Amino acid sequence: MIVFNLWSALQWYLRPFIKWFLRKTTRLCELQRICYGEKAGAPRTCGVEKSLMLSRTPCVKEIVSYLDSVVYGKRFVPENFREILEPSVSVIMRVKNIKPTIHGSFSITFRNCLEQIWSYRSLLNEVEELRRSQFDNNNPDHEEKLLRLWTLLVPETKLESRISKQWQHIGFQGDDPKSDFRGMGVLGLENLLYFASEYPQASSHVLSHSLHPKYGYTFAIVGINLTSMAYYLLQDGSAKTYMFNAKRHLPNIKLFHRFYCYLFYEFDKMWIEAKPENIMEFSIIFKKFENAIRTELADPATVFRINIEIDTI
Amino acid sequence: MGNCWGGVFHRRRTRRHIVLILIGLDNAGKTKTVNNLAGEVDDTVLPTVGFKAVNLVHKDTPVTIYDLGGGPHFRQIWSQYYSEVHGIIFVIDSSDFSRLDECRIVLEEVLSHDKIAGKPVLVLANKQDKTGALDDIDVVEKLNIEPLVNKYRCPTLVESYTAQVTNKSKKPKIDPGLRKGYQWLLNYIVKRYGDINLRVQTDIHADLERRKRMMNKASNRASQTFTAVSDDIATQTGFENPNFDPKALATDREREKNLERGVIVVKPITTSVDTTMTVDSVDSDNTSAKPKLSPLFGRASDSSGLTETVKVELESRSEFRKLSPIVRLKNGNQHNHIDFVNRPQSSPSFKKHNKTDSSKNSLLHDDDVKEVREYSQYGDGSQTWDGSSRERKHRVLVNDIELSHMHREIVLTERDFASKTASSEVILQASTLPLSARPASASQLVRRQLEISAQHKRRLSLRYMHRNKTSPERMSMLIYEPKAPQRHLDKGDFEHTAVN
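From first to last, the protein sequence lines stand for chains V and U.
So that you can map any letter, position 136 of the first sequence is 136 in this note's numbering, and since no number is skipped, the others follow by simple counting.
So that you can map any letter, position 193 of the second sequence is 193 in this note's numbering, and since no number is skipped, the others follow by simple counting.
Source of the hints: derived by calculation from the structure; they are not laboratory data.
Bear in mind that the values here come from a model prediction, so they are computed numbers and not experimental data.
Don't take every hint at face value.
[To be verified] Under the rule of at most 25 Å between Cα atoms (straight-line distance), these lysine-lysine pairs were calculated in the DSS-like manner:
no.	chain 1	residue 1	chain 2	residue 2
1	V	K275	U	K212
2	V	K288	V	K269
3	V	K165	V	K145
4	V	K214	V	K288
5	V	K214	U	K59
6	V	K19	V	K99
7	V	K39	V	K24
8	V	K214	V	K145
9	V	K74	V	K96
10	V	K254	V	K275
11	U	K191	U	K59
12	V	K165	U	K142
13	U	K52	V	K214
14	U	K52	V	K275
15	V	K96	V	K39
16	U	K52	V	K287
17	V	K74	V	K24
18	V	K269	U	K52
19	U	K52	V	K288
[As the list claims (entries may be wrong)] Derived coverage of chain U by chain V (criterion: at least 3 residues anywhere in the stretch with Cβ under 8 Å from a Cβ of chain V; other residues may be distant):
no.	stretch
20	69-78
21	200-214
Just so it is clear, CB atoms sit at the ideal spot from N, CA and C, and this is done for glycine as well.
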């Protein structure tokens with residue numbers, strides 16, 4: 001512990017000297033070195049974020065807090081990117097003495113990095129908000145989503161009533177799924193709904209696994225547990241690897257849903273492979289699964305993709 | 001004084017580990033409860049899938065709580081954990097009226113399990129913060145808890161509390177209701193740790209054996225069912241644990257040691273077939289719900305079909321006698337701590353019942369045989385049973401004229417401990433009688449005896465703790481402890497037995 005503290009203190013003092021030395025030798029600032037040196041995606045964006053967070057230049061600090069406030073005010077959407085990011089990028093380039101004429105590509109890559117970093121933060125806010133909003137019986141939107149989930153998952157059977165034993169078929173505990181959404185709120189429902197609507201093949205595949213007489217599990221509440229896992233991965237930043245590596249998408253709620261679908265699909269695969277004796281082994285397998293995912297995410301080159309075509313054949 | 005030291009040494013000697021099970025319907029607040037006990041504040045409580053084990057420490061005793069999922073999918077798996085737990089915490093959502101019926105059924109199902117019956121139960125009426133929530137008294141009424149726990153002899157405490165932590169303080173305070181209940185449960189278990197743990201260990205052992213046997217699949221169907229019936233018969237011995245006498249703690253140690261030895265040596269556990277599956281099938285034959293009580297020390301099965309096992313058991317018993325003649329003598333003199341008068345078996349009502357019930361002679365015969373068998377099992381193991389069952393034998397002689405011949409034989413052999421084989425032969429004869437092996441009659445008898453024993457609630461008093469005893473309707477709850485007004489409410493039954 002002491003060694004660790006000493007090292008971090010040392011780093012705090014040494015970092016400027018190292019930076020200065022590198023600056024003098026390479027004639028590039030740290031941000032440039034990252035943007036040119038690292039591969040696009042998680043390594044580059046994480047490097048930029050770290051550098052910005054550790055920066056002690058007043059202007060950079062100001063820009064970081066400005067962007068944070070924009071995110072907090074929920075104005076960080078693609079339409080506003082231009083007016084928000086243009087001045088920020090130019091300020092940083094001026095402060096760091098980067099000539100736009102020479103380093104034209106820097107401003108573009110740096111902008112992309114900023115987009116990703118703060119989209120991730122606004123996604124965090126969005127997800128947190130969804131999680132906090134509890135499932136409400138009186139909200140027609142929620143009710144409609146819940147019923148849609150049923151029709152998507154079990155299209156052949158009609159739901160007899162809103163409160164019915166049938167919910168247990170897709171793995172809710174009681175007669176009313178409402179109580180199972182505690183903890184994760186509407187986020188759990190949204191996740192399940194996305195999984196069922198965007199990946200109908202995969203979800204029906206997983207659901208049929210969950211109804212296996214021997215290795216069956218409770219689809220919905222396992223899904224809610226996976227939602228919480230995805231949520232915590234997002235919160236502690238482990239999911240950055242995934243989010244930043246998704247080339248064509250900025251981190252947004254859809255990407256989070258996709259992340260969730262991947263987790264669900266992979267968990268199902270792992271569960272069936274593990275051949276558990278009964279559902280009580282869930283916590284062990286779940287822990288194992290989480291560790292496997294975390295180690296995968298620790299590798300910055302990780303890209304998650306659902307390989308459904310291979311599995312369904 | 002000596003008892004104190006005995007107790008202290010006893011406690012020092014044993015390395016205890018208490019295992020509790022936390023069950024209840026889904027969304028009752030089980031996970032939140034265990035979080036409260038562990039002192040964690042986590043507002044994102046998910047529906048538990050499977051189970052979570054939480055380790056706590058209570059006065060240097062490690063306590064493990066199995067927090068099981070409450071969904072209908074998991075309820076059938078609960079029973080796999082029953083054998084290894086020392087106590088049960090049952091959480092009720094007292095604001096959800098629509099599911100009270102379901103709750104009652106589940107509670108009964110749990111308590112009636114023979115691995116649970118007799119173990120201490122803490123019932124928590126959760127969610128008192130919600131408007132219109134039932135308080136503890138209503139919960140007892142609505143869920144019919146009193147007759148239930150008396151039927152299955154579970155010492156029970158009902159507490160109302162709130163799992164939801166309202167104030168966002170750094171160190172969350174455990175709700176007083178929860179704390180009290182938890183303390184009561186642990187104190188209860190700690191005081192009877194020897195007995196309960198012995199039962200738990202035996203159950204676990206039996207479970208393992210059964211699992212092994214299931215793997216081997218070496219038992220044929222007929223013998224299985226037969227032993228299942230005999231198993232059933234033996235289960236009526238009930239839960240002797242509360243009888244645990246603090247005065248005899250010093251001798252208890254010795255006794256326990258011997259008992260343990262007996263349990264190890266006694267073959268029935270290893271050779272008997274007590275698959276729950278077959279027991280269940282026997283159950284399903286009966287139309288009525290049948291209470292099953294597990295014998296405390298798990299030797300439910302001395303498998304009357306196999307003479308060799310009987311012999312082995314007898315050896316162990318005689319070995320016990322050789323080992324501790326002093327204990328026996330002492331106990332012969334120490335009758336004052338056992339209230340034979342109040343024993344259910346020797347109660348006048350029971351006699352009357354027997355006399356009037358002459359039409360059911362076959363049943364009685366069955367009963368008697370069982371009693372004698374039970375006696376032959378417990379005669380040496382627990383001294384407290386000796387006198388009472390001797391009385392019972394006399395009663396048997398008086399009652400059942402038809403079978404008196406046989407019973408005289410039994411009595412003789414019982415008195416003469418050296419010739420145990422004779423009694424076992426008699427049992428063999430008896431059990432091969434066509435009438436005696438009827439499971440239905442057995443269950444009826446078990447129930448009847450339980451009904452009678454339910455009059456003696458002192459030991460299994462459903463005790464009721466409430467914070468304000470002043471209101472008159474609250475006083476009505478004292479029904480659960482009619483004979484102990486002087487007792488401190490938050491102390492275990494331990495003191496009570498000491499008074500006796």
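Evaluated hints:
no.	hint	verdict
1	K275/V / K212/U	holds, 20 Å
2	K288/V / K269/V	holds, 13 Å
3	K165/V / K145/V	holds, 18 Å
4	K214/V / K288/V	holds, 20 Å
5	K214/V / K59/U	violated, 42 Å
6	K19/V / K99/V	holds, 19 Å
7	K39/V / K24/V	holds, 23 Å
8	K214/V / K145/V	violated, 31 Å
9	K74/V / K96/V	violated, 29 Å
10	K254/V / K275/V	violated, 32 Å
11	K191/U / K59/U	holds, 13 Å
12	K165/V / K142/U	holds, 24 Å
13	K52/U / K214/V	holds, 21 Å
14	K52/U / K275/V	holds, 20 Å
15	K96/V / K39/V	holds, 22 Å
16	K52/U / K287/V	holds, 11 Å
17	K74/V / K24/V	violated, 40 Å
18	K269/V / K52/U	holds, 22 Å
19	K52/U / K288/V	holds, 14 Å
20	69-78	holds (count 7)
21	200-214	violated (count 0)
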